[in-house]
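Undergrad: Residue numbers (this note's numbering), protein chains in the order written: chain P, 1 to 314; chain X, 315 to 628.
Just so you know, the hints here were simulated from the structure itself, not pulled from any lab data. Be aware that one or more of the hints could be misleading.
[What the hints assert, rightly or not] Okay, the calculated bits of chain X under chain P, using three or more residues with CB under 8 Å as the criterion:
| hint | segment |
| --- | --- |
| 1 | 381-391 |
| 2 | 499-513 |
[Said to hold, decoys possible] Quick list of simulated restraints, FRET-style, between CB atoms:
| hint | chain 1 | residue 1 | chain 2 | residue 2 | range |
| --- | --- | --- | --- | --- | --- |
| 3 | X | ALA549 | P | GLU266 | 24 to 32 Å |
| 4 | P | GLY89 | X | PRO579 | 42 to 50 Å |
| 5 | P | LEU263 | X | GLY547 | 49 to 57 Å |
[Stated by the list, open to error] Below, a sample of chain P positions facing chain X; criterion: calculated Cβ distance under 8 Å:
| hint | residue |
| --- | --- |
| 6 | ASP145 |
| 7 | PRO148 |
| 8 | PHE195 |
Just so it is clear, the structure is predicted and the values come from calculations on it, not from any experiment. The beta carbon of each residue, even a glycine, is placed where N, CA and C say it ideally should be.
Protein chains: 2
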Amino acid sequence: MRVAVLGAGAVGRSVAALAGEFGHEVVAVADSSGAALDDGGIDVEAVLAAKDETGTVGDADPADALEADYDALVEATPTTLGDAQPGFGHVERALERDRHAVLANKGPVAERYDELRALEADSAGEVRFEATVGGAIPAIATIEDREPEQVPAVRGVLNGTANFTLTRMAAEGLGYDHVLAEAQDLGVAEADPTFDVEGTDAALKCVILANLLAGGGFSLEDAEVEGISGIPGNALELAAEDGRTIRLIGEASRDGVRVGPRLVPENGTLAVSGTMNIVQIETRHGGRMNLSGRGAGGPETATAVLADLRRLSR
Amino acid sequence: MRVAVLGAGAVGRSVAALAGEFGHEVVAVADSSGAALDDGGIDVEAVLAAKDETGTVGDADPADALEADYDALVEATPTTLGDAQPGFGHVERALERDRHAVLANKGPVAERYDELRALEADSAGEVRFEATVGGAIPAIATIEDREPEQVPAVRGVLNGTANFTLTRMAAEGLGYDHVLAEAQDLGVAEADPTFDVEGTDAALKCVILANLLAGGGFSLEDAEVEGISGIPGNALELAAEDGRTIRLIGEASRDGVRVGPRLVPENGTLAVSGTMNIVQIETRHGGRMNLSGRGAGGPETATAVLADLRRLSR
Chain P
1 MRVAVLGAGA VGRSVAALAG EFGHEVVAVA DSSGAALDDG GIDVEAVLAA KDETGTVGDA
61 DPADALEADY DALVEATPTT LGDAQPGFGH VERALERDRH AVLANKGPVA ERYDELRALE
121 ADSAGEVRFE ATVGGAIPAI ATIEDREPEQ VPAVRGVLNG TANFTLTRMA AEGLGYDHVL
181 AEAQDLGVAE ADPTFDVEGT DAALKCVILA NLLAGGGFSL EDAEVEGISG IPGNALELAA
241 EDGRTIRLIG EASRDGVRVG PRLVPENGTL AVSGTMNIVQ IETRHGGRMN LSGRGAGGPE
301 TATAVLADLR RLSR
Chain X
315 MRVAVLGAGA VGRSVAALAG EFGHEVVAVA DSSGAALDDG GIDVEAVLAA KDETGTVGDA
375 DPADALEADY DALVEATPTT LGDAQPGFGH VERALERDRH AVLANKGPVA ERYDELRALE
435 ADSAGEVRFE ATVGGAIPAI ATIEDREPEQ VPAVRGVLNG TANFTLTRMA AEGLGYDHVL
495 AEAQDLGVAE ADPTFDVEGT DAALKCVILA NLLAGGGFSL EDAEVEGISG IPGNALELAA
555 EDGRTIRLIG EASRDGVRVG PRLVPENGTL AVSGTMNIVQ IETRHGGRMN LSGRGAGGPE
615 TATAVLADLR RLSR
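Next comes chain P alone, as it looks inside the complex (with noise of 0.2 Å):
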């Protein structure tokens, strides 16, 4: 397939890194600030070399590449809520020109589910978005070839960020802030750590396994959530003692969206370490299904991206 990819961070830099290897060519790759456009295919590594340098992938506007002969857009720009905005816009015009939209950036699956299916459902294009939830674990494929009407339920681990806080503190009897700070020198959590710690990133996942399920309707405001920060150090040796541990889990049914602190059983299979994620299907015929692997990065996440250029090239 060609395909244009917007935003280069972690995962908009590893589709395109990876795209050559997977059969695809890259007609397209833009920035905040700037955008590099070859309808032949791009050198990638060019590209990506140039971004370190001058801190942008090209001099082309970044507008064009919304226009460039692509048949997959990958919209990978950072998550926005609310009226998931450019993200959204960006979605919406690669529908509107009759292409695929393959979406890495949450805020549209989960803030304008309906009106991203609105536009798919007046497209050529389709939509897919395997890369918002739990990173290279094949969740969404799954739950649509299991039909979503056939899963009342899905829960799981989805912040590996927050999941590596709480081993941390399980397993050295730490506290949060000093822990926290720990998983900041170590680059798995953010200097503004609010987004995973607080539920919101977890959330946000929960609500696009939501609207897969139910056909639409959720959005964040509609998600019960809360977060680790408030969690004593003590609450993890007590559960300990009783051979449990606590973790982030969220959970997504017809019925709506929770995400919070709950106890699990220490070796049970809902108690991943660190980074790694965990998504639990319910399924009518089929009993539970447990999916996990790494939530997070930006090849591992790229892999879920080139999963949907893969069944969308089928």
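Position chain X relative to chain P; hints supplied.
TA: Chain X alone, transformed into the frame defined by chain P:
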């Protein structure tokens, strides 16, 4: 889709019974001695009740089911080795007629993969076989979506009977013969459990995975197979003293197929309990994915067949 179901064992029955709920129409069901046919859609409940009463699904010639007006043939007759007949012939006929073939029968995919793909290449129909590996677990679809060339190796626990036996031996400190007799009483193990406990079933699944990764070339005779019947009871005790346990692990890569008892961490990902299965997929850029779920059972395995039908109908 219009579906013909060959084989009225646990899986075939469940596919027929669930097809309507998943939006399909069953136009034929056949077992080894009879068939029920109706181009307008058969009354599945009545046909399965007839099977319970009379031993067969209907009075028609089973061969006529192959010639029915279906979009997809579901091959759910018992797995046979070597020439994999009669399953292979059924799939061959569907493809000759430019219809899809969805297999729950492992024989043709493990023993005659290259021929199967050659027939598919000459047909407008496609071959799918999610149900042959890991019951409800989406192993095949995930490897396909992530590109087989991107997967260096797959390993896992792929036989519920063997896993149930090992789990009980470890938990209760009982010997192999005792636990196997118990498993037979519970219906978890067959009267002749050789196929399961000697590793043949797990090996067939790994051969299928190796064929998917390598694009063919493998059959059961290429597999190195060791079962669990030779494991002394105290081996599990010794393993437990070291925080480990024993699982029958199958491994598939382009280099070959191996199945045998292996030491694994007691609370580790591969140490699934009872009849659960797990498939671990190594990927070049996305890390390791773990997919676990119910590895057997009529409705569970039927959901994998129905997922294949869903993919074919897109």
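Undergrad: Check the structure against each numbered hint from earlier and tell me which ones fail, lowest number first.
TA: 1, 2, 5, 7 and 8
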